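Input sequences plus hints: build the corresponding full structure.
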Amino acid sequence: MESAFNSFKNIVTILDLALIIFIIYNFISGSRNGFISSLISFLKWILAFFSVKFLLPILRPYVDGIISSKLLTDIILGSVIFFIILFLILLINKSLKNTVKWSGLGSVDTIFGSIFGFIKGYIYFVFLFTIINFIHPYDKWNDSFNKGVSLNIILWGNEIIIETFPKRYEYIDKSREKLDKFK
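If you count by my numbering, then the sequence shown holds residues 1 to 183, one letter each, in order.
Everything labelled a hint here was simulated from the structure, so no lab data went into it.
One thing to keep in mind: the hints can contain errors.
Stated by the list, open to error - Derived lysine-lysine pairs resembling BS3-like cross-links, with alpha carbons at most 27 Å apart:
{"no.": "1", "residue 1": "K53", "residue 2": "K94"}
{"no.": "2", "residue 1": "K53", "residue 2": "K140"}
{"no.": "3", "residue 1": "K53", "residue 2": "K70"}
{"no.": "4", "residue 1": "K140", "residue 2": "K97"}
Being a predicted model, the structure only gives us computed values, none of them experimental.
Here's what the structure looks like:
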């Protein structure tokens, strides 16, 4: 019994267990909420952000005279737009969830919600891994973190994220120039 535990401990690391817990949690959440609700919940932050980006320039002229600072106006108006859009998306999500269950598509919605939850769990975990890896590279981690069965799958997702997002070296160089001016 003890040798089986030691071999399991040598194969499966803390990183593997964290990935499994992440995926199981999102799998259960996706199956419980359904595909449509999970998708809207996943996209609500992106939709709220883009709503602020597009509605702020349109609504700013109507509130410019109320507060003298344009920055403060943008912050307050942007926050109000963001939270109103989030609230509206939550209302739409709740009504769609009830409609899908009532229409007889509940089992299909649950199956696709489970699949989406599995994928969403992996995506969230890889994003978290990428951020942590950017701050502290995984090569320098303890062996209980940087080895394991799932490391290659996580690194594959990490490479896709790094290749997908543009590298903004020019912003870093401009920031360094500005900091050098202060010295």
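Structure-based check of all given hints:
1. K53 <-> K94: Judged against 27 Å, a Cα distance of about 25 Å means the pair holds.
2. K53 <-> K140: Roughly 39 Å separates the two Cα atoms, so the pair is violated.
3. K53 <-> K70: holds, 16 Å
4. K140 <-> K97: violated, 45 Å
Checked against the numbered hints above, the structure breaks hints 2 and 4 and satisfies the rest.
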